[in-house]
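S.K.: Sequence:
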Amino acid sequence: MKAVAVTPGKSDSVHLRDIKEPSLEEVPNGRGVLVKTLQVGVDATDREINEALYGTAPPGDEFLVLGHESFGIVEAVGPQVTHVKPGDYVTCTVRRPGETIYDRIGRSDITSQETYYERGICLLHGFLTERFVDDAEFIVRIPQGLKHLGVLAEPMSVAAKAVQQAFDAQKRLQVWEPRIAYVLGAGQIGQLCTLILRLRGLDVYTLARGKKPKLKAEIAESFGATYISTA
14 MKAVAVTPGK SDSVHLRDIK EPSLEEVPNG RGVLVKTLQV GVDATDREIN
64 EALYGTAPPG DEFLVLGHES FGIVEAVGPQ VTHVKPGDYV TCTVRRPGET
114 IYDRIGRSDI TSQETYYERG ICLLHGFLTE RFVDDAEFIV RIPQGLKHLG
164 VLAEPMSVAA KAVQQAFDAQ KRLQVWEPRI AYVLGAGQIG QLCTLILRLR
214 GLDVYTLARG KKPKLKAEIA ESFGATYIST A
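Quick note: the sequence shown uses the working numbering, first residue 14, plus one each step.
Honestly, the hints are just simulated from the structure, not real lab data. There may be inaccurate statements among the hints.
[What the hints assert, rightly or not] In silico DMTMM-like pairs for lysine to aspartate or glutamate, Cα to Cα no more than 25 Å straight-line: (1) K15 / E167; (2) K160 / E143; (3) K160 / D148; (4) K225 / E190; (5) K23 / E39; (6) K49 / E88; (7) K98 / D148; (8) K174 / E143; (9) K160 / E190; (10) K49 / E112; (11) K15 / D148; (12) K174 / E190; (13) K49 / E64; (14) K15 / E112; (15) K225 / D56.
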């Protein structure tokens with residue numbers, strides 16, 4: 014099976030390699046889900062790992078399979094899997110539990126451990142393969158009508174969490190009534206944050222380096238935001 018991988022710590026090492034086919038038996042207790050990869054998003058994280066800025070191979074391997082923004086179709090499931098079935102479109106979460114209290118309550122995204130586990134980033138292989146298998150706990154079903162947007166589920170979750178945490182933090186003031194928001198950057202995370210904030214009814218200004226006319230400006234303005242070039 015083909016995969017796109019890097020050699021962690023070595024700059025510009027991205028390469029195509031053969032790895033073994035995944036199997037449901039890799040996941041204990043009949044909870045495995047086998048997924049055929051349809052799309053994988055590639056972003057600045059993947060570029061920075063290829064630049065050897067970070068990225069850690071799983072124990073026993075000298076390579077790390079890239080890809081943390083996944084979208085695919087289920088090919089097979091274990092006997093204890095009930096929420097997805099073969100033929101369903103799915104995405105997959107990225108962070109995996111460690112040993113802290115946050116990990117134990119399902120909030121591994123805010124683990125307090127220095128060592129963490131993220132598919133395609135740190136200590137776990139990613140999704141830039143022909144197929145992958147994972148525990149059903151980390152598989153998220155995508156409705157048929159949203160399959161054209163499925164690969165955006167992971168970056169949208171990042172943007173949604175950022176906005177939600179900002180609102181949660183400011184609730185301590187009790188009288189906080191936000192009306193204006195500034196988003197610094199118009200990449201995929203910036204655009205998705207712009208969209209979320211517009212849906213919350215805020216007047217949004219999206220700041221980025223590019224001058225209009227520019228596709229990023231068109232996208233932000235289609236959400237009803239004001240695009241401002243910092244140039």
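S.K.: So, for every hint listed, does it hold in this structure?
M.R.: Quick rundown of the hints versus the structure:
| no. | hint | result |
| --- | --- | --- |
| 1 | K15 / E167 | 23 Å, holds |
| 2 | K160 / E143 | 18 Å, holds |
| 3 | K160 / D148 | 21 Å, holds |
| 4 | K225 / E190 | 32 Å, violated |
| 5 | K23 / E39 | 29 Å, violated |
| 6 | K49 / E88 | 6 Å, holds |
| 7 | K98 / D148 | 13 Å, holds |
| 8 | K174 / E143 | 29 Å, violated |
| 9 | K160 / E190 | 36 Å, violated |
| 10 | K49 / E112 | 30 Å, violated |
| 11 | K15 / D148 | 21 Å, holds |
| 12 | K174 / E190 | 19 Å, holds |
| 13 | K49 / E64 | 28 Å, violated |
| 14 | K15 / E112 | 32 Å, violated |
| 15 | K225 / D56 | 23 Å, holds |
Figure legend: structure checked against the earlier numbered hints; hints not met, in rising order: 4, 5, 8, 9, 10, 13 and 14.
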